[in-house]
Amino acid sequence: MKIEWTRKALKQHLKLPAQVQTQILAAVATLADWPECRNVKSLQGKDGYRLRVGAYRVIFEVDTAIRIILVKEVKKRDERTYH
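So in our numbering, spot 66 of the sequence shown is number 696, and the numbers just go up one at a time.
Don't read these hints as lab results, they were simulated from the structure. Quantities reported herein were computed from a predicted structural model and do not represent experimental measurements. Even for Gly, the Cβ is constructed at its ideal location relative to N, Cα and C. Hints should not be assumed to be uniformly reliable.
Derived DMTMM-like pairs: lysine to aspartate or glutamate, alpha-carbon spacing no greater than 25 Å straight-line [said to hold, decoys possible]:
1. Lys638 x Glu709
2. Lys632 x Asp708
3. Lys632 x Glu709
Computed Cβ-Cβ distance ranges for the label pairs, DEER-style [as the list claims (entries may be wrong)]:
4. Ala685 x Lys638: 12 to 22 Å
5. Ala695 x Gln649: 31 to 41 Å
6. Gln649 x Gly675: 30 to 40 Å
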């Protein structure tokens with residue numbers, strides 16, 4: 631699977647501490663093995679999935695027809711993460 635990032639997700643990612651950035655990049659790289667990925671759940675009430683990386687969540691969509699994973703957001707988990 632090819633992994634692409636939206637501009638918004640890249641900006642969010644670059645604002646994080648360097649150690650967290652490294653952890654997130656490593657976790658996102660494991661998405662290439664879709665659907666045999668760990669720490670992934672589908673979002674409730676909307677399309678897409680979330681990848682758990684410690685206190686952070688990576689929101690993404692999967693297009694299996696053209697084999698692309700699109701990373702849409704990288705956010706610290708709190709009560710507003712999925713809204």
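Exercise. So which of those numbered hints doesn't the model satisfy?
Worked result: Result: hints 2, 3 break, sorted rising.
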